[in-house]
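Sequences are here, hints too, so could you generate the full structure?
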Amino acid sequence: MKHQRRVWTTLFVVFALVLAACGSDSTESTDAGTATTGAGSAEEVTLRVLAHQNPTFVAYMEDFNSRFQAANPGVTVAMTVVGQGDMASAINTRTSANDVDVIDFCAGSCSAFSNGILDYMGDNYGEKPVWQQLIEAGLLMDLTDEPFVANFDEIAIRDAGTFNDRVYALPMGRVTYSGMFVNNDLLAEVGVAIPATWSDLVSACEAIKDSGNECMTVGGGDTWPIFVGASGLLGSIFPDQAALAEGLWAGDIKWNEGKGLEAVEKFQVFSTEMLESGVTGLGHDEATARYAGGDVAFMPTGMWQAPNLESFEPTFDWTYVPFPGSDTVADNEYLWGKYDMSWMVAADTPHPDVAMAYLAALADTTEYQTYLDAVGFLPTQPTASLNSKLGDAVADLVPAYRVGLEQYWVSPSGAGQWADGRQAAAWFAPFNEWTDSTELANQIQADLDAGLSG
Amino acid sequence: MAIMQKNYLFGSAGKWRRLTPLMLLIPGVFLYLLIALGPSLATSVYSFTDASGLRGAAVNWIGLDNYREFLFEGLASRDNIDATLRTLRFSVLVTFIQFTLGLILALLLNQKLKGRTFFRTLFFIPVILGVVIQGLMWKLFLQPRGGPMATIFDWFGTQSEFLGGLPGQAFNWVIVVQIWANVGVTMVIFLAGMQTISEDLYEAARIDGADGWQLFKSITWPQLTPAINTNFLLNIIGSLQAWQLFLVLIGYKPGTQVLGYLVYAEGFGQGESPAFRQGFAAAASIVLFLLVLVIGFAANRYVSWREDRYMA
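Just so you know, the sequences run in chain order G and B.
So for the first sequence, the numbering used here puts the first residue at 6; every next one is plus one.
So for the second sequence, the numbering used here puts the first residue at 755; every next one is plus one.
Hint data in this document are derived by calculation from the structure and do not stem from the laboratory.
Any given hint could be a false lead.
Which bits of chain B does chain G cover? Going by a derived footprint, with three or more residues having C-beta under 8 Å, they are [stated by the list, open to error]:
#, segment
1, 808-816
2, 905-918
3, 1005-1015
4, 1045-1053
Think of the CB as a built atom: it goes at the ideal place given N, C-alpha and C, for glycine as much as any other residue.
This is the structure we're talking about:
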């Protein structure tokens, strides 16, 4: 009997340990209590930060974290860097597991508070965007009353950080993605001027290819750089992209008619005639490295690649201009873009004071200028300026900055996989199966109509 | 009898003797319920809700709406059904080719050849690499700008975009990588089966004048029945559930998704304007589960029949 009791006692202990392992983490509860002593106390605190992969941004963050830790003894910043494509799932799992304190919201197209549900969509949208889902689940901390929010533009906070009159995110900058980098040396060598119209661009590409060089490159292996590279082309044709999104939903604008068809036709020229062969194997950063080599004339992509371009080849002579998608010069003078990454705090962080101190440090006006100098975004703080070669290149164009379709577009529920026509540049051969622009335009419209009629 | 009772783990009392095996099963059953059956049942319940998967988010019961959307709503249903058919195509091709190739490799490496241990190791090495490593290796190998395969294509005056090109072409390359990554397991199972076959059988058959094909057909193939059945089932189920290589090699590209990837993409917000739709993803995974169940059940019946026929 004694032997039996020992065995049963052992079994009981094993079960108790298993159940205890499945229970809540009591250590964290204790931490939550002590974290209220705040940053700068001698209490040992580990602040868990989730950030997206971008070489210059990560380098800046590592430097900032070192300085933050030095200024806040006892605080250790544990930053996890995740590829942009995996950010959504990382945010989902880590916020749900209460395993993160500060979140760099760079999911999907890395755009703060974009793709919101608007009135004209009724209840025919597929799903609310991730940021809204996080807020409605109560997973994000309300930042409205934090003093550092006032460091930012009211408009930026309103458009890219506010939901139902409460602030949940700090938009850390705006970017334009509709322009293209220009290789000044190569253009001079071939004897071609910077193209101001679509026809100029087509002629320039022919001349450049005839000279044995390549016209354009993008990181086609990541797919999105293909259609983001062509977004300026779409902007030249549809200068009001909020109206374009609404028009597509209302059926007033169609991808297989008029300007919509013109855009799809030009996308095909862009994909099949302007881009160099083999870009399907280049990642976004690899394409920039290749471009820095000097054999390609243009790289249509976001301005965020300027710091990488400079670090890859500091002596490379480049400028950044709007993509000329129209034959009317005035249509080609806009820069289209988005609010980029933003900082959020997990509502259930056990260290709210440390997390707020971290955000306050990031939002500090002097620190923000350092950040801006490193990553090369357009500022969202009125006291900051873009002091860089890129800043000089786009200074005159900033007043013509507009938010692009990428930030407005939400596909209706039931729409097919081809419904988002702005991505059409990535669907032509060699990237996908389409070889006829009219056929693709019809398919895009059919896939969209299938959702709109639902 | 007295010795047996004394050595019995929980003593000699009759009721304990009866209860002990059941009690010993409890930890295993508990773990099975906790990490296998529980989540499976939860997934089927989830499939009738609009759950996002976020902690604290409202979860509403929406009945069969997710299934209706998956199968019938707009042209999105066309894409879902295409993904299902593509999954089947992937499974059939992978199962057939991997099974055949694994068998051929096992037959070759079961011979008394010089260096056979080296080649066994060589063919098995991909199995121990993670999916991400496998994917990265092949992405480099299939790099269209000067990669090794592009160079080989160039020798023959042709070129390809490989993984970044036409959906059908990219899909076929994933089949190649899937087979490369897993054929080692198939080969090892066949090898293990071959090594259990008595050499006496072959010797007797040779004395009777049997040639190589007859040896294979009349001895190896029937005697390999347990290994054949195991490989058949593993290949079918493994290929139906495969999706990670699609994520690593191709990403979210129209015309290439399989059902497993669709589940991941919907559940974890892949795409340009992501949203978390774990209720819908659960419904899609139930469709995948039914597919695996039906095909797995049919395959199981078939292998049982084979065992009865050859091993009785």
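Taking the hints in turn, this is what the structure says about them:
no., hint, in the structure
1, 808-816, "holds (count 5)"
2, 905-918, "holds (count 5)"
3, 1005-1015, "holds (count 5)"
4, 1045-1053, "violated (count 0)"
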